[in-house]
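Student: For reference, the chains in residue letters:
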Amino acid sequence: MTTSLTAAVDAGTLGNRNQAASGSTGTSGTSGSSTAPAFSVPVTATGIGAEVDTTGKALALAQGTGLGDYRAASTGALLGTTLAEKNGLSVGSTFTIKDQSFTVTGLFDAGTAFGNNALYLTLPTAQTLADLPGELSTMVVTVNSMENVDAAKTALQAALGTDKADVSQGQRNLQTAVSSLGSVKNISFIAFVAALATAGLIILLIMVMLVRERRREIGVLKAIGAPNRTIGLQFVLEALVLVAMGSVVGAAIASFASGGIASALISSNTATAAATTGRRGQGFPGGIPGGAGFPGGNPLGGASQLLTSVSASASPGVIAGGIAAVFGVAIIGALVPALLTARIRPIEVLRGE
Amino acid sequence: MIEVKNLVRTFKSGDRTITPVNDVSFELEQGTLASIVGKSGSGKSTLLSLLGALDKPTSGDVLVNGVSLAGMPDGKLTEYRRRDIGFVFQQFNLIPNLSALDNVMLPMEFAGIRKAARQEQARQLLEQVQLDPDKHVRRINRLSGGEQQRVAIARALANAPKLILADEPTGNLDEQTGEHIIELLSSLSRDHNTTILVVTHDRSLANKTDRRFRLQQGRLTEEAARSRAAAGSPA
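Read top to bottom, the protein sequences are chains A and B. Oh and the first sequence: position 196 is 196 in the working numbering, straight run, nothing missing. Oh and the second sequence: position 93 is 93 in the working numbering, straight run, nothing missing.
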């Protein structure tokens with residue numbers, strides 16, 4: 001398919017060497033590419049039914065606007081920023097595909113050089129250009145929950161027919177994602193237990209320090225008839241108040257920071273998987289007729305893509321368990337100092353005056 | 001009535017045995033204002049601690065209205081201190097971060113008296129010890145020494161104890177304030193029929209009490225008793 005566009009990505013020496021060995025013209029791919037003297041990565045044109053990329057992620061428009069109704073034929077096109085730059089195009093500029101003129105309505109940034117060496121048209125326009133009206137090469141379905149993936153897959157397969165379409169899921173990626181979430185959950189649980197143990201130790205030390213500091217006061221209270229249990233209870237209550245205040249502050253901080261922490265943990269856990277799938281996708285831009293190529297990345301998304309919508313939250317049961325554990329630790333932490341107060345003899349304190 | 005029978009308290013100090021209270025016996029009728037004088041280290045404070053159940057004697061017994069303290073479990077001794085004893089210390093020993101009113105209310109709180117009742121009673125006691133009403137809700141550390149001692153006396157009176165034990169109550173006060181405190185103790189002992197035992201090394205203070213004891217090397221001897229009217233005249 002011919003176009004006035006020049007690819008923005010040069011395959012480099014490796015591509016040239018491959019070209020010499022295989023005699024490739026470098027024009028294979030979904031859509032046409034310019035005939036460059038050296039091997040270059042083809043420009044991929046993709047027809048889309050919504051303002052999303054081939055993985056189902058929303059397009060990040062850097063300039064201009066979208067294509068409006070993505071289910072109607074249009075002469076508008078969205079270009080990757082590097083492709084537009086390479087061809088000296090901006091919003092409002094025109095170019096041709098199969099001698100048909102298209103106007104750039106917006107520029108998107110896919111985040112990678114390969115991803116930006118692509119353009120998007122409305123789905124009917126791409127189908128017309130590829131002479132495949134009404135046909136789709138790929139449809140990305142996003143399921144609202146991991147638990148519903150299998151059911152959705154079965155329903156889709158039944159609806160589309162086994163002889164017409166293959167329905168697959170990013171099973172491995174899903175497993176990676178779930179495994180990553182499991183790791184994050186384990187890390188969070190270990191951190192929670194460690195935080196509880198530390199909190200208990202801190203409370204113990206603070207309360208021991210308080211008992212030592214207030215030894216005289218305790219002696220006086222005992223001298224005027226305060227029972228041991230009253231004094232001990234006072235210290236336990238003080239520890240609980242301390243913990244309650246700390247919990248409120250901690251919960252406030254956590255409500256703001258949990259999203260960032262969860263993202264950081266997830267991204268660090270999925271970095272390897274994401275990098276692997278990303279590299280593989282970038283190596284094979286497009287190749288499927290019908291204006292539905294893949295300018296970069298696995299169509300089913302990497303683990304990191306699957307997990308981009310993960311948000312940190314705690315169920316009422318977890319919150320209740322956490323509160324019970326925190327207050328339990330506070331009571332245990334305060335119990336030793338409270339028992340210490342029982343051993344203070346008022347005469348020893350008052351004799352020291 | 002307080003009866004002290006052959007009270008002995010010994011301490012070990014290395015190889016030596018110290019006996020600050022050695023075979024002390026005496027009786028005090030209810031409503032008596034008495035004093036114990038003696039040099040520093042003569043065992044005055046130790047004797048006071050034994051009477052107040054802050055310490056346990058090596059031998060001997062203290063009977064309060066016929067009830068023996070010897071062998072009484074710690075819980076009962078705490079109850080005895082709460083119900084029957086009021087302490088006044090030289091260093092006041094008030095809770096610094098509480099108000100005068102709250103300090104006086106503390107023993108009543110331990111005795112399980114309801115808040116409204118203890119608040120009312122605490123105000124009355126602070127008025128009795130002539131603390132300016134404006135200062136009732138003032139924090140202890142914002143009161144003068146004399147005012148703090150008045151609060152301490154009010155606290156000692158909180159649960160209407162049978163016996164008030166005052167350890168050098170004027171030791172940290174100037175002469176004039178000390179005089180006021182002694183007059184206050186004297187009037188309280190009369191008005192409340194409370195036995196008050198004051199430990200002091202201030203002879204002029206001791207001269208104003210009904211009965212005067214001297215503690216010397218752990219031994220207690222009674223000096224000539226004075227009538228309260230005589231005690232009120234210049235010594």
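Rather than coming from a laboratory, the hints here were simulated on the basis of the structure. Honestly, I wouldn't trust all of these hints.
Claimed, not checked - Distance ranges between label pairs, derived from CB positions:
(1) B:Lys115 to A:Arg343: 28 to 38 Å
(2) B:Thr19 to A:Arg212: 50 to 60 Å
(3) B:Asn172 to A:Thr198: 39 to 49 Å
(4) B:Lys115 to A:Asn148: 54 to 64 Å
(5) A:Met209 to B:Lys76: 29 to 39 Å
(6) B:Glu27 to A:Val241: 46 to 56 Å
(7) A:Val193 to B:Thr19: 52 to 62 Å
(8) A:Thr198 to B:Glu179: 28 to 38 Å
(9) B:Glu179 to A:Arg343: 33 to 43 Å
The model shown is predicted, which means the values in this text are computed figures rather than measured ones. Using N, Cα and C, we set each Cβ at its ideal position, and we do this for glycine too.
Student: Indicate, hint by hint, whether the structure satisfies it.
Tutor: Checked hints:
1. Distance hint for Lys115 (chain B) and Arg343 (chain A): a CB-CB separation of about 30 Å, consistent with the stated range 28 to 38 Å.
2. Separation of Thr19 (chain B) from Arg212 (chain A) is about 32 Å and departs from the stated range, judged on CB atoms against 50 to 60 Å.
3. Judged by the Cβ atoms, the range 39 to 49 Å given for Asn172 (chain B) and Thr198 (chain A) holds: they are separated by roughly 45 Å.
4. Against the hinted window of 54 to 64 Å, the Cβ-Cβ separation of Lys115 (chain B) and Asn148 (chain A) comes to about 59 Å, which satisfies the hint.
5. For Met209 (chain A) and Lys76 (chain B), the Cβ-Cβ distance of about 32 Å falls inside the hinted range of 29 to 39 Å, so the restraint holds.
6. Judged by the Cβ atoms, the range 46 to 56 Å given for Glu27 (chain B) and Val241 (chain A) holds: they are separated by roughly 49 Å.
7. Checked against the hint of 52 to 62 Å, the C-beta distance between Val193 (chain A) and Thr19 (chain B) comes to roughly 57 Å, which is consistent with it.
8. At roughly 58 Å, the beta-carbon separation of Thr198 (chain A) and Glu179 (chain B) lies outside the given 28 to 38 Å, and the hint is violated.
9. Remark: the range hint 33 to 43 Å for Glu179 (chain B) to Arg343 (chain A) is upheld by a beta-carbon distance near 41 Å.
In summary, the structure is inconsistent with hints 2, 8 from the numbered list given earlier, while agreeing with the others.
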